Each structure stands twice: as C-alpha cells, then as structure tokens.
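Peer 1: One-letter residues, chain by chain:
Number of protein chains: 2
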Amino acid sequence: MKIVSVGTVAFDAIETPFGKTAKIVGGACTYISLSASYFNSSPHLISVVGEDFPKKTIDLFKERGINIEGLQIIKGEKTFFWSGKYHQDMNTRDTLDTQLNVLESFDPVVPESYQDCDILMLGNLTPSVQLNVIQQIKKRPKLIVLDTMNFWMEIAMEDLKKVIKKVDVLTINDEEARLLSTEYSLKKAAQIILEMGPKYLIIKKGEHGALLFDKENTFFAPALPLEQVYDPTGAGDTFAGGFVGHLSQCETINWEAMKKAIIVGSAMASFTVEKFGIERLIELDKKEIESRVSEFKKLVSFN
Amino acid sequence: MKIVSVGTVAFDAIETPFGKTAKIVGGACTYISLSASYFNSSPHLISVVGEDFPKKTIDLFKERGINIEGLQIIKGEKTFFWSGKYHQDMNTRDTLDTQLNVLESFDPVVPESYQDCDILMLGNLTPSVQLNVIQQIKKRPKLIVLDTMNFWMEIAMEDLKKVIKKVDVLTINDEEARLLSTEYSLKKAAQIILEMGPKYLIIKKGEHGALLFDKENTFFAPALPLEQVYDPTGAGDTFAGGFVGHLSQCETINWEAMKKAIIVGSAMASFTVEKFGIERLIELDKKEIESRVSEFKKLVSFN
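If you're matching them up, the sequences are chains A and B in order.
Each residue of the first sequence is one higher than the last, beginning at 1 in this note's numbering.
Each residue of the second sequence is one higher than the last, beginning at 1001 in this note's numbering.
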C-alpha cells in the first residue's frame, strides 16, 4: 500500500538531563518517513524546508526509498527551527525557541503521483494545513491517520475538530485526550472522542505504553522499560511511522492489524529515544526490529 | 499453601473527587486478607485493633474463612485511624489525620498454629515490626513478600533495608523504587534493588499497570482502563492479597507463576477502586473474578 505523510522537516536543538545537541535534523515527517521506510519500500513525503537544509539528509531520504517529490525547498528562506528542554521526568518539556521560517506560509502541494495513496498520515501540523492535504486527494485513502497536540486544541480547536471528523485514526497523548474530551477517565474520554469521527483512538502514554480504543474494544500496548531514555523527541512520530508502515503491509486494516501495528510503532519509538534525534533510527536493520517486537510480545505474555 | 499476613486493620476516612466517607473499615491487612480469601480457604491474619472495632467486620473475616487467632483486641483502646484526601489525578493524596492508637505499641505475636506458614505477606507497617514477625517464624516460609512505602524510606531506611534483605518479593510503586535505588530509570532501579536481597521486584504504577523484574526478565502487567476510579485506597493491598492468594494455589512458585499472580492481583485491585473502602471487595464471586482476569488477558493479546 502507498503511504503519504505530511508534516514538518525541521531543525531541532534539544536539551535533556543527559546532554545537549547543536542544531540537528528533526521534524515530524522526518521521523514518520524514516520509521515507515523499514516496512514500506517507498513512503511519500510532503513537507517544506529552506535553502539551509542539508543535502546529506535529502540524500539519506532517497537512500531509504523515501519519495520526496512533495518536498518543497524554498530558496532564500530558512528551515523551521524548534528548541526545547526536557525536565527530569522526560514526560514534560519547555519550548525555548520556535522559528517558523518556511512553515509560516507552508502551502502543501500533493503531487499527481501521490494521488493513489492508500494510507494518509497527517503528522502534527496546523489543522488547516492538514485539512488542505485531505481535500487535495481526490479518491479518499483507505486510511487517514491524524496526529496532533494540545497546542492546536488551545488555539485552533474548531479547525482541529473539522480534521478529526474526517480521519479514521487519531493519535494523541493522555493529557490531550483529557483536554479534547473534557473527561478525566481515559475510558470515558475515548468514547467521547470516538463520537467526534474517528473509528480508532490511540492514547500514547510515553513510558507507560499506549492504549487503543474502538467503540467496543480496548488494547493496551506496553512500553519497554529502558536502561536510559536519552531524548524523547520524535518518539510519537516514530511510533506513527512504524504504525502506518506495518499497516501498509497488511491485507486488511482491522482491529487485529491495528493491535500489531501499535506494538510495531512502540518498538520503533523505543529505538528513537535511545539516542539524540534521528541517530538511532537511521542505523536499524530488520533483524533488530523483529527482535525488539519479540521483546514486546514476551513482556506481556503469560499463561 | 498456608498464607500468613501481617498489617494494619484500621479505620479510614477518605475524600476523593467523587465523594467523601465517614469512618469506614480499612487497613492493609484487611484488604490483603479479604482479597486472598477468594483464592485461599483460610488466610491467617496478624494485626491489632481497639475495643471500638466493629464485631460485624470480625464476623465478616470469619465468614470469609480468615483465621483471626493472630488479631489482638486491646481493651480500653482505640483502633488505628487514618484520614486522607486524594487529588484529581487520584495518584497523589494528602494525609489529613493519623491517630496511631493501638498501633503505637503493637507487638505482634505469631500464634503457634501459624508456624507452618508457606507464604508470609508483610503488609505496609513499621519495618522493625515486620522484622519481628519474620524472626518469630521458626521455619523460613517458602516465600516472603514485603510491601512498604516512601514514609519508611524517609524515617527508617536502615531498618527497612534489613527487612528487604530477608524477603523474596518486594512490592513498591515507581516513585518509591526511584527513592530506594536513587536511580531514575526503572530498569536500572530494579537491578539495584534486586542486589539488596529480593529475588523479585514488583513496581506498581497505579493506572499504568505494574512491572515485575527478576535479574534476567521483565514482565509488564497492564491496568484495566476503568470508567471511574472512586477510591484508590487499598488498591495496593488488594493487589498483594490477590498475588499471594494466587501463588498459594500454585504447585511451584517461579517466574511463570509470578506473572499470572500479578495479573490476578491487578484484577482484584481493579474491583476495589470501583467503590469506597472494602465495599466492592466483599461482594465478589469467583466467576466475576475469572471474567476480569480474562479481560486483562484480552487487553494485551495480539498476533
């Protein structure tokens, strides 16, 4: 199945209790595409960067089979930059700096060759831009997955709800699920959110795993207890990439496929956090991934 | 197998975002014994109460097969009383009042008929009292399980470490694991704590489930997402009761048995939090428990 992803390709500068990076490559669509590339021979990317974006990374995208026809490179402008600092618990962070640059006027264009997309992955971005991409695709994809965050709930809830109405899967974290539903119990929150449109809801809980809901069922995916989490940046996007990557290999996209896809996404995310930025994500091989997925299976198996 | 439990039998007054109770029956050993009684025909209890403790509850213990030969009833004195208020997130609470009463001079006596104990469950209590009970039992039980809390780590760490050295299983929460090990990563914390004596470590994470560690393996038990958590009081003790209750039915106590026991403990705890105090715990039947355990299995199963 053909995957199309839209989201940021960016620079990050990150500080965690374990270290500090200079300006490194990041962005939701970077993580999504790289992660998906381990399961899909050609993930299609839609994004925007400035003239300052390294050719080396664009070459890396190509090497990993990522189709970058939808990547706009804006001459004379600079790439989106985000800088943040994580607290000791690694679950919360402060934004130190945000320079929108090319993102300010990002007008995504879906190339003709992307039109027969099966799975559309909307990475975290302005809801109106996400909606714009949905509207450009003439034949509705088999599956639309939406990632978003509390920021958009606070400043663009109306737009966001329009997008939520059009998607099949929504992925948010526990705090965002509570914010969106105005309900504290995640079980109740899930039912309220599923009424807003999506057929499936994934609630990500970081080091505590993830929950998958549809109207009848619940699934709990564990998180692997890790020796060290160096940098949580991109974990959610890596998760999303592994999730859609796995689904693109499935014959039917149903509850059973979703469950496995969440385990695969969690396994991929568990690699990303082991090093800074995309460092760990780009050095994986299939055997290592399969062995990590087996660890997740072992982690919850009992007789 | 014969279970002996030591811990408080007490009065609680609880306030949660969903309501407030008058003085109701609580205490670690109350929850442990009641929970274990669904799996073991005669859990043996060691505790102390005052003259004010209701005969009705003592009759309830007897009805549920709980052996109360080890329960001291001190004439002219009052039962231990604790009052607390839970925050919105239900994971944190403030103690409003603590009246030690009979607990102040509690000198546990292990009855002769308890001596052939197979599983000793040390409920949360002053470490020196827990140690006293271990020392009174002449033939070492097959399994000693210890529950404790941050409070003892802060005021009696030395005593606590002596007890930890003597037990097979330690159950604490994530915050306590970090405090005890002075290590943030739970995986690293677990290895440090296992060096202190116990063969198994259970880290309870409330609504996020529980982790089981030995030196080689890790197991993740989910928590059932519930519509409503009315009152978390006693959840950890109910867990412990279900845990030892299940183990007492096992032929061999090994890693496989431990995993199932944690699921059973989690299932039992998921009932307790649905109502205030012991209300839900005393109205269960075996069928309901089996069906809840199946829900846990379903929650994490994937192909």
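These are calculated hints, taken from the structure and not from any lab test.
There could be a bad hint or two in this list.
Pulled a few chain A residues facing chain B out of the computed Cβ check, cut under 8 Å [claimed, not checked]:
#1 Y86
#2 N91
#3 H208
#4 S291
#5 V293
#6 L299
All values derive from a computational prediction rather than experimental measurement.
Positions of the beta carbon are idealized from the N, C-alpha and C atoms, including for glycine.
Peer 1: Please go over all the hints and tell whether each is borne out by the structure.
Peer 2: Here's how the hints hold up against the structure:
no.: 1; hint: Y86; in the structure: 12 Å, violated
no.: 2; hint: N91; in the structure: 11 Å, violated
no.: 3; hint: H208; in the structure: 4 Å, holds
no.: 4; hint: S291; in the structure: 15 Å, violated
no.: 5; hint: V293; in the structure: 10 Å, violated
no.: 6; hint: L299; in the structure: 5 Å, holds
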